[in-house]
Amino acid sequence: MKTLIIIPAYNEEGSISGVIRDIRRHTPEADIIVVNDGSTDRTEQIAEADGAKVLTLPYNVGIGGGMQTGYLYAQRMGYDIAVQMDADGQHPAEELPKLIAKAKDYDLVIGSRYVETTSYRSSRLRRIGMVFFSGLVSLVTGQRFTDTTSGFRAAGRKVIELYADYYPMDYPEVESIVYLKRKGCRITEVATEMHDRQAGKSSITPWKSVYYMIKVTLAVLMSAIRYDRTAVSKP
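Take the sequence shown: its letter number 40 is residue 39 in numbering that gives the first Met the number 0, and every next letter is one higher.
Since the hints were derived computationally from the structure, they do not count as laboratory data. Where hints are given, some of them may not hold.
[Claimed, not checked] Here are the simulated BS3-like pairs of lysine-lysine, each with C-alpha atoms no more than 25 Å apart in a straight line:
no., residue 1, residue 2
1, Lys-157, Lys-1
2, Lys-97, Lys-1
3, Lys-214, Lys-182
[Stated by the list, open to error] Label pairs and their in silico Cβ distance ranges:
no., residue 1, residue 2, range
4, Arg-20, Phe-131, 15 to 23 Å
5, Pro-96, Arg-185, 17 to 25 Å
6, Ile-213, Arg-126, 27 to 35 Å
Note that beta-carbon positions come from the ideal geometry of N, C-alpha and C, so glycine has one too.
The whole structure should be built from the sequences, with the hints applied where relevant.
Below, the structure written as structure tokens:
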């Protein structure tokens with residue numbers, strides 16, 4: 000299966016090299032593309048020096064625009080599987096074979112910190128948000144999910160096509176699951192370990208977290224309305 004690892008990156012010069020080298024160790028057969036989302040540091044130069052293909056956006060468009068760029072590339076280059084992986088070192092490359100193998104049977108595979116017990120520990124506030132969104136998406140779609148905010152995912156050809164056509168812009172992980180379920184995609188979760196950020200700092204501030212909660216909740220509810228209408232309209 001022709002496989003692409005998509006790494007959206009914004010000012011990740013401290014961690015990107017280690018991420019690329021880790022991927023090479025565990026999945027040497029996969030291609031790597033770094034979507035350099037308007038970084039102002041040396042992310043682009045370091046990624047290129049480590050042998051990754053780099054697509055540099057002229058300015059910062061956010062995770063949604065960066066990931067859609069990656070999926071468009073995967074679509075046009077004919078990849079069978081595209082894996083989303085963070086540039087900050089939180090997603091261990093040794094888990095990649097597990098996701099890629101499962102993606103042969105499902106349209107989307109989500110690496111979950113909670114479907115089984117793992118060593119991952121989050122702050123209480125973040126955990127509350129994760130539980131809330133997982134419960135909301137499970138209610139809307141009728142399928143149980145445990146980690147809807149996980150950005151560690153493997154997509155098959157059907158999802159590559161769908162995400163190349165549409166991908167939510169702001170904090171897209173949660174909303175994008177509902178979108179795929181509306182399109183009849185088969186989604187599953189597999190247990191994966193995750194680490195703390197290896198370098199740099201998160202762009203998610205407390206105020207952005209509040210915005211995230213409100214925006215994503217409204218987006219999911221709107222998707223739920225469209226989801227129900229689609230179901231009703233079917234013969």
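Against the structure, the hints:
Simply put, Lys-157 and Lys-1 have alpha-carbon atoms about 14 Å apart, close enough for the 25 Å limit, and the pair holds. For the given pair, Lys-97 sits about 16 Å from Lys-1 by alpha-carbon distance, which is consistent with the 25 Å threshold. For the hint linking Lys-214 to Lys-182, the alpha-carbon distance of about 22 Å falls within 25 Å, and the restraint holds. The supplied range of 15 to 23 Å is broken by Arg-20 and Phe-131, whose beta-carbon atoms lie about 36 Å from each other.
Range check, Pro-96 to Arg-185: about 20 Å between beta-carbon atoms, so the 17 to 25 Å window is met. Distance hint for Ile-213 and Arg-126: a CB-CB separation of about 19 Å, inconsistent with the stated range 27 to 35 Å.
When held up to the earlier numbered hints, the structure conflicts with 4 and 6 and fits the remainder.
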